[in-house]
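Chemist: Chain order of the listed sequences is A and B. For the first sequence, this note's numbering gives the first residue as 1, with consecutive numbering after it. For the second sequence, this note's numbering gives the first residue as 1, with consecutive numbering after it.
Think of the hints as simulated: they come from the structure by calculation, not from any bench. Even glycine gets a Cβ: it sits at the ideal position worked out from N, Cα and C. Be aware that a few hints might be false.
Said to hold, decoys possible - With a straight-line cut-off of 20 Å between C-alpha atoms, the simulated DMTMM-like cross-links for lysine to aspartate or glutamate are: (1) Lys27/B to Glu51/B; (2) Lys223/B to Asp247/B; (3) Lys226/B to Asp197/B; (4) Lys103/B to Asp202/A; (5) Lys103/B to Glu203/A; (6) Lys172/B to Glu201/A; (7) Lys103/B to Asp204/A; (8) Lys159/B to Asp228/B; (9) Lys27/B to Glu92/B; (10) Lys103/B to Asp197/B; (11) Lys141/A to Asp124/A; (12) Lys226/B to Asp247/B.
As the list claims (entries may be wrong) - Pulled a few chain A residues facing chain B out of the computed Cβ check, cut under 7 Å: (13) Leu186; (14) Leu187; (15) Pro191; (16) Gly198; (17) Arg207; (18) Leu209; (19) Lys211; (20) Gln219; (21) Ala304; (22) Arg308.
Each chain, written out:
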Amino acid sequence: MDFLTILNNSAAEILSPSTAAFALATIGLNVHFGYSGLLNFGQAAFMAVGAYAFAIFTMQVDPTATLGWPMWLSFVVAVLVAIVAAVAFALVLGIPTLRLRGDYLAIVTIAAAEIIRFTVRTSDYSAVTGGSQGLRGQDYKGDITGLNPLTGTTYGFGPWTGTAYDTWIRILAWTLVVVALILVWLLMRSPWGRVIKGIREDEDAVRSLGKNVYSYKMQALVLGGVLGGLAGIMYVLPRAVQPDNFATAMTFYIWTALLLGGAATVFGPLLGSILFWVLLAFTGGMLSGLQQIGAFGDMSGTQAGQLRFVLVGVALMLLVIFRPQGILGNKKELSFHV
Amino acid sequence: MSETTTDGTAPTATHPLVDGEVAPGCKKVDPIVVADGVIRQFGGLTAVDVEHVEIPRGAITALIGPNGAGKTTFFNLLTGFDRPNKGSWSFEGQSLAHVPSHKVARRGMVRTFQLTKSLGRLTVLQNMLLGARDQRGESFFAALVRPLWRAQEQSNTEKADSLLARFKLDTKREDYAASLSGGQRKLLEMARALMSDPTLVMLDEPMAGVNPALTQSLLDHVKGLKDDGMTVLFVEHDMHMVRHISDWVIVMAEGRIVAEGPPETIMQNQAVVDAYLGAHHDTDLGTLTNQQVAQIHEAAEEEVPVGLEASATETTTTDAPAEPGATAHDEEGKR
Ligand SMILES: Nc1ncnc2c1ncn2[C@@H]1O[C@H](COP(=O)(O)OP(=O)(O)OP(=O)(O)O)[C@@H](O)[C@H]1O
Ligand SMILES: [Mg+2]
Chain A
1 MDFLTILNNS AAEILSPSTA AFALATIGLN VHFGYSGLLN FGQAAFMAVG
51 AYAFAIFTMQ VDPTATLGWP MWLSFVVAVL VAIVAAVAFA LVLGIPTLRL
101 RGDYLAIVTI AAAEIIRFTV RTSDYSAVTG GSQGLRGQDY KGDITGLNPL
151 TGTTYGFGPW TGTAYDTWIR ILAWTLVVVA LILVWLLMRS PWGRVIKGIR
201 EDEDAVRSLG KNVYSYKMQA LVLGGVLGGL AGIMYVLPRA VQPDNFATAM
251 TFYIWTALLL GGAATVFGPL LGSILFWVLL AFTGGMLSGL QQIGAFGDMS
301 GTQAGQLRFV LVGVALMLLV IFRPQGILGN KKELSFHV
Chain B
1 MSETTTDGTA PTATHPLVDG EVAPGCKKVD PIVVADGVIR QFGGLTAVDV
51 EHVEIPRGAI TALIGPNGAG KTTFFNLLTG FDRPNKGSWS FEGQSLAHVP
101 SHKVARRGMV RTFQLTKSLG RLTVLQNMLL GARDQRGESF FAALVRPLWR
151 AQEQSNTEKA DSLLARFKLD TKREDYAASL SGGQRKLLEM ARALMSDPTL
201 VMLDEPMAGV NPALTQSLLD HVKGLKDDGM TVLFVEHDMH MVRHISDWVI
251 VMAEGRIVAE GPPETIMQNQ AVVDAYLGAH HDTDLGTLTN QQVAQIHEAA
301 EEEVPVGLEA SATETTTTDA PAEPGATAHD EEGKR
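Work out the full structure: start from the sequences and follow the hints.
Modeler: So this is what it looks like as structure tokens:
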């Protein structure tokens, strides 16, 4: 068992573009649940909508090839298409449910996430969505690869070494995370954020003070959903589009990261996402190392790999019992749960 | 029993607030709220059935009645938190039927809740600031640019601080509202409602759970609202408060307006006594002799035509604030 490799692999997660994408989705969920009290159990679906809209637009329309657009324009427009798709998805979910009690949104988002996943998986649309195979990365990465200003072979140091393309995506994804964090920070210190937090506490009270609660909830749902959609793009830029990446498990990883870092804090989602992936990589490495030296008897490598999710579950339980507000959360804010 | 009503009281035929004769649903000289035929049913139960009522402008009006009379439901209907089965009502001459609750509040009709709704995980100051109207920083894009709303926020904060001082909450300014006591939350909710400079404040049991020493200063404060030109409508079970500060009293029972009048004489009105106590309210059923029981049955026999109604009102209430002197007198008059 090579302990150094395990540490190295775990440390690599800290700055990986996937962690950035995941953090972006968690920041979006934080806007929903942490600040607005919206129970969204379908954040993975927002990621799927963003990822597929981006990839499908790039592949089907391909403005660089067919219309002769410059690459940056094609890329920006593809991102805008993904944003529009995420907004539309948020509206479809929100219009019927946001006037009702909170649980309805929860049910509808769970169902909608599965509908999205089955729709893109079905072979009927495989000409467009690739069915259960998904979409090949090289089919939609043309523009972004062409835009890469880095020309060397490898960049970075230590665990954070990567190819020029990886580093380029890393820079993009983390820049987006920083922008999202600043956006959330600016909003939540403003009167807009105050209304949103008020709605989380008691809708009727906020209504009685003359605020249009429905409209504010919709704005929050759209904002968090757009962040989820952008996360989807960032998630598929380093890999291919795989429908099963956007399954319910992804949503619950995002929830775990949010609760770990601390809901309703600006940096909680970031810290939670990094810790979550580092811990997952570390326990995964340790478990397979231990399995290889025979510490688990007859257990196969795959079984040992599954064991880490048991550990994640136990860790989540301990967290909720001993630090329910998360790492960055304010004990006072959570302990008085009216 | 209804014919024999006002034996013991001098009937007040007119009043400066009233246009015409004083009666349930009477016209006011200058009404701010006018409601017509408002009916709200929950299944088979008619919680509110108000034929006509007018709330006088610039006055403090108390809405009283036994538990379950429909006062809170009527508040909910007026402020758009509930939809009536039928009816129309207006505020300052403009119809409010089908207007959503937040628009009602924006028009200057702001209410508080019987079960307090303080926003627990916001500080007391944040709670207050939420009450201010027309905040530029509450729109999504303006929120991102602080200079657009900083000055307004500053002046709102000053206003909030002065209100908090008046309600003796200034020491709690930075505390989470969830850490306040029940009474303090009532105060916070009232202060928050005042942040919007409403034209009409509707308070649902503002004094429930507030300590007596503070009650006095609050009463003065509510009176102060009237001096500032606001109209106040409040629900209250504490008759001391009702008598002390209200200019007009409206009595509800079983969803209907059963009486109206100035606070000095309203409790002598037989309809009010019946509403609160039912008939035979001055008899202690625990220590009856057989003879008394027989008498009651006889009396009940005579009341057969209205027997149904009488038995329905009998179910009420505990903290009955009627004047024992006056009511005993009435009962004697009957015999
Ligand atoms: N949401 C509801 N569903 C069913 N019945 C209701 C509902 N709200 C109120 N009621 C009924 O309507 C009647 C009036 O209730 P309401 O709360 O208006 O009384 P109230 O006059 O405010 O009483 P209290 O002085 O105890 O606050 C009661 O009989 C109550 O049971
Ligand atoms: Mg009530």
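Chemist: Quick check: which numbered hints come out false for this structure?
Modeler: Violated hints: 11, 21 and 22; rest satisfied.
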